[in-house]
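*Asks:* Sequence:
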Amino acid sequence: MTKRDYYEILGVGRGAADQDLKSAYRKLALKFHPDRNPDNREAEEKFKEAAEAYAVLSDGQKRAAYDRYGHQGLQSAPGGFDPSAFTDFNDILGDFFFGFGDLFGAGGATRSRRSRAQQGDDVRYDLEIHLEDAMRGLKATLQVPKLEICSRCGGNGAEPKDGIVTCPICHGRGESVYQQGFLSIRRTCSQCGGRGKIIRRPCTQCRGEGRLRADRKLEVSIPAGVDTGTRVRVGGEGQPGANGGPPGDLYVLVRVKDHPVFERHEFDLHCTIPVNVAQAALGTEVHLLTFDGLQTVKIPAGVQPGAEIRLRELGVPHLRGSGRGDIVIHVEVRIPARLSREQKKLFEELLESLPTENEPQEKGLFDKVKDYFV
Numbered sequence: 001m002t003k004r005d006y007y008e009i010l011g012v013g014r015g016a017a018d019q020d021l022k023s024a025y026r027k028l029a030l031k032f033h034p035d036r037n038p039d040n041r042e043a044e045e046k047f048k049e050a051a052e053a054y055a056v057l058s059d060g061q062k063r064a065a066y067d068r069y070g071h072q073g074l075q076s077a078p079g080g081f082d083p084s085a086f087t088d089f090n091d092i093l094g095d096f097f098f099g100f101g102d103l104f105g106a107g108g109a110t111r112s113r114r115s116r117a118q119q120g121d122d123v124r125y126d127l128e129i130h131l132e133d134a135m136r137g138l139k140a141t142l143q144v145p146k147l148e149i150c151s152r153c154g155g156n157g158a159e160p161k162d163g164i165v166t167c168p169i170c171h172g173r174g175e176s177v178y179q180q181g182f183l184s185i186r187r188t189c190s191q192c193g194g195r196g197k198i199i200r201r202p203c204t205q206c207r208g209e210g211r212l213r214a215d216r217k218l219e220v221s222i223p224a225g226v227d228t229g230t231r232v233r234v235g236g237e238g239q240p241g242a243n244g245g246p247p248g249d250l251y252v253l254v255r256v257k258d259h260p261v262f263e264r265h266e267f268d269l270h271c272t273i274p275v276n277v278a279q280a281a282l283g284t285e286v287h288l289l290t291f292d293g294l295q296t297v298k299i300p301a302g303v304q305p306g307a308e309i310r311l312r313e314l315g316v317p318h319l320r321g322s323g324r325g326d327i328v329i330h331v332e333v334r335i336p337a338r339l340s341r342e343q344k345k346l347f348e349e350l351l352e353s354l355p356t357e358n359e360p361q362e363k364g365l366f367d368k369v370k371d372y373f374v
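Anchor point for the sequence shown: position 48 equals 48 in this note's numbering, and the numbering is continuous, going up by one each time.
Source of the hints: derived by calculation from the structure; they are not laboratory data. Mixed in with the good hints there might be a few duds.
[Said to hold, decoys possible] Here are the simulated DSS-like pairs of lysine-lysine, each with C-alpha atoms no more than 30 Å apart in a straight line:
#, residue 1, residue 2
1, Lys257, Lys197
2, Lys139, Lys22
3, Lys3, Lys27
4, Lys31, Lys46
5, Lys139, Lys161
6, Lys197, Lys161
7, Lys197, Lys217
8, Lys139, Lys257
9, Lys139, Lys197
Remember, it's a predicted structure, so these values are computed and weren't measured experimentally.
Construct the entire structure; sequences and hints are all you get.
*Replies:* Below, the structure written as structure tokens:
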């Protein structure tokens, strides 16, 4: 059978530069690669044809012989066509195909991918605390459900002595090799999944899982200033990793319970203090139990409903950095719904001595100007 012209196969002219050859070959290799065209004999032949053409034309000495004498010139060239040239094609195709290195006999890279260590999953734990705990911080003892590496099998899922045997299909290589002409195509062994070994007798403790579910007791530091939604990370306390990989992390998700007196707004604490009309008019002192002890709060005379009084630096500590928020007191003036006869009489006397709301206390500017011109 007459061989096709190598330049025609790659679709380039005879004066094509090395980069043009490489680019043309890469397009053909990606198009006709066996992994993209399973069970397609025609595509496989075109792939081999393109590979052979590039192997010759990319070699200066072989290309010169081919340009002068054609295919016959290669028969006398040193070494002829060398299939080992495929070991350099990974630089051309890169990692476009997973396992493409195996196609050219570079199976080590792919085997390392299959056995690459993987980090374990993270674990979430929901923790409910009191506002007092959020103010001061605490050491919380948690019972965290997680997976532990089986102590009997060490995580491989097999009985320690004779539970693992060499895979009879790939003979421990973790891959199967198929010879197609001058190409050696390597594929992950379907029997052992690339591990090279199979479990003959599963571990009696973990039943072949390699891990056991257990509750682990941990002491976690919750810093002062946390709020609902705060996540506290504990490194390395998540699920164990695969293939010797590092474990994941534990994330403690905090929820702060509602407090009967204080309502938190960021780092300020808000509360309401009720006073009667006499206390609001004359002023008074009330005692408020805070997280820093009993505080005396002075209500000024004539305080209006809804007025705010701040106790500085007695609120929630800042989670990052120094300082604290404030306690904000909202004054609520309560009007008695029912009065005794004596109380009613006193209010009537007070009413007579006070100006009514619709009676002007002072002449306005218009009235003053009008009086001036009268």
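*Asks:* It remains to establish, for every hint, whether it holds in the given structure.
*Replies:* Hint check:
{"no.": "1", "hint": "Lys257 / Lys197", "in the structure": "violated, 53 Å"}
{"no.": "2", "hint": "Lys139 / Lys22", "in the structure": "violated, 64 Å"}
{"no.": "3", "hint": "Lys3 / Lys27", "in the structure": "holds, 21 Å"}
{"no.": "4", "hint": "Lys31 / Lys46", "in the structure": "holds, 9 Å"}
{"no.": "5", "hint": "Lys139 / Lys161", "in the structure": "violated, 43 Å"}
{"no.": "6", "hint": "Lys197 / Lys161", "in the structure": "holds, 14 Å"}
{"no.": "7", "hint": "Lys197 / Lys217", "in the structure": "violated, 35 Å"}
{"no.": "8", "hint": "Lys139 / Lys257", "in the structure": "holds, 17 Å"}
{"no.": "9", "hint": "Lys139 / Lys197", "in the structure": "violated, 46 Å"}
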